[in-house]
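Peer 1: Letter by letter, the chains look like this.
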Amino acid sequence: DGGITQSPKYLFRKEGQNVTLSCEQNLNHDAMYWYRQDPGQGLRLIYYSQIVNDFQKGDIAEGYSVSREKKESFPLTVTSAQKNPTAFYLCASDTGKDTEAFFGQGTRLTVV
Amino acid sequence: EDQVTQSPEALRLQEGESSSLNCSYTVSGLRGLFWYRQDPGKGPEFLFTLYSAGEEKEKERLKATLTKKESFLHITAPKPEDSATYLCAVRGSGTYKYIFGTGTRLKVLA
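The listed protein sequences correspond, in order, to chains A and B. Mapping the first sequence onto this note's numbering, position 82 (from 1) lands on 82, and the numbers just tick up by one. Throughout, this note's numbering is defined as the position within the second sequence, counted from one, plus 112.
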């Protein structure tokens, strides 16, 4: 079955450590996205990529970094510069045209 | 600025009690309005895409409609398994971003 796989589902890290969240899709989608979800707030865009080897900052990119070396993969690194990293992170993809995005099951990151 | 507002924030219904969720939007050149369902601790699950005013889509007990300023998600004779948060998002012209509302938390009581 085609879909988007995020791993791990839960992640715990100490303050000051970088951590990388994985996102893989086998939908042959060109575009991929990373969103952050906090209680009481809508999904906020961190980074997006329309094509391999290219990506753009979203609304809350500070303290995050991404790469897009393969069409299927769009990993997100949460760096120590991110002031409040504890959140639910969602990866999504779409065809790059005016169609809907499909989401992975999310990674809950807790920084202690 | 593109914006999405969903109401109510939370809704409790008795099983079989039909109702509607509202999504008001402001966007330059609508390129799609999207409805998703999200269960606790899970990623959003796609429900519907609407592109132009007057368009309607249905799936089981759910029906989505669209005007130039808002969309409604009508739930007919809901069941407890329809309990979830329903998210609305829009995409405008000149951007690849989806703008999401904060969602409506629906609880259907047996």
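Read the hints as simulated data drawn from the structure, not as lab findings. Hints may contain errors.
[Unchecked claim] Here are the simulated distance ranges between beta carbons: (1) B/Glu127 - A/Gly16: 45 to 55 Å; (2) A/Tyr10 - B/Arg217: 19 to 29 Å; (3) B/Ser119 - A/Asn53: 38 to 48 Å; (4) B/Ala165 - A/Leu11: 19 to 29 Å; (5) B/Gly166 - A/Thr79: 42 to 52 Å; (6) B/Pro120 - A/Gly3: 30 to 40 Å; (7) B/Glu113 - A/Asp54: 19 to 29 Å; (8) B/Glu170 - A/Asn18: 38 to 48 Å; (9) A/Thr99 - B/Asn134: 16 to 26 Å.
[Claimed, not checked] In silico EDC-like pairs for lysine to aspartate or glutamate, Cα to Cα no more than 16 Å straight-line: (10) B/Lys219 - B/Asp194; (11) A/Lys70 - A/Glu24; (12) B/Lys209 - A/Glu24; (13) B/Lys181 - B/Asp114; (14) B/Lys154 - A/Asp59; (15) B/Lys154 - B/Asp114; (16) B/Lys209 - A/Glu15; (17) A/Lys9 - B/Asp151; (18) B/Lys181 - B/Glu167; (19) A/Lys70 - A/Asp38; (20) B/Lys169 - A/Glu100; (21) B/Lys154 - B/Glu129; (22) B/Lys209 - B/Asp114; (23) B/Lys154 - A/Glu15; (24) B/Lys171 - B/Asp194; (25) B/Lys219 - B/Glu182; (26) B/Lys219 - B/Asp114; (27) A/Lys83 - A/Glu15; (28) B/Lys209 - A/Asp30; (29) B/Lys175 - B/Asp114.
None of the values given here were measured: they were computed from a predicted structure. Glycine included, C-beta positions come from ideal geometry on N, C-alpha and C.
Peer 1: Does the structure keep B/Lys209 and A/Glu15 at a Cα separation of 16 Å or less?
Peer 2: The hint is violated at about 30 Å.
Peer 1: Should the hint that B/Glu170 and A/Asn18 are 38 to 48 Å apart at their CB atoms be regarded as holding?
Peer 2: 46 Å, holds
Peer 1: Is B/Lys209 within 16 Å of A/Glu24, Cα to Cα?
Peer 2: Violated: B/Lys209 and A/Glu24 sit about 20 Å apart, past 16 Å.
Peer 1: Does A/Asp59 sit within 16 Å of B/Lys154, going by the straight-line distance between their CA atoms?
Peer 2: It is violated: about 23 Å lies between the C-alpha atoms, which goes past 16 Å.
Peer 1: Given a hint of 16 to 26 Å, does the C-beta separation of A/Thr99 and B/Asn134 actually sit inside it?
Peer 2: Holds - the Cβ-Cβ distance for A/Thr99 and B/Asn134, about 24 Å, lies within 16 to 26 Å.
Peer 1: For a C-alpha distance cap of 16 Å, please report whether B/Lys175 and B/Asp114 respect it.
Peer 2: 24 Å, violated
Peer 1: Tell me if the straight-line CA distance from B/Lys154 to A/Glu15 falls inside 16 Å.
Peer 2: Not satisfied, since the Cα-Cα distance of roughly 25 Å exceeds 16 Å.
Peer 1: With a cut-off of 16 Å on the C-alpha distance, tell me whether B/Lys219 and B/Asp194 pass.
Peer 2: Holds, because 8 Å separates the two Cα atoms, which is no more than 16 Å.
Peer 1: Is it true that the CA of A/Lys9 sits at most 16 Å from the CA of B/Asp151?
Peer 2: 15 Å, holds
Peer 1: B/Pro120 and A/Gly3, beta-carbon distance inside 30 to 40 Å?
Peer 2: 32 Å, holds
Peer 1: Note whether the CB distance of B/Glu113 and A/Asp54 lies within 19 to 29 Å or breaks it.
Peer 2: 25 Å, holds
Peer 1: I want to verify a distance hint. Is the separation of the beta carbons of B/Ser119 and A/Asn53 within 38 to 48 Å?
Peer 2: 42 Å, holds
When held up to the earlier numbered hints, the structure conflicts with 4, 12, 14, 15, 16, 19, 21, 23, 25, 26, 29 and fits the remainder.
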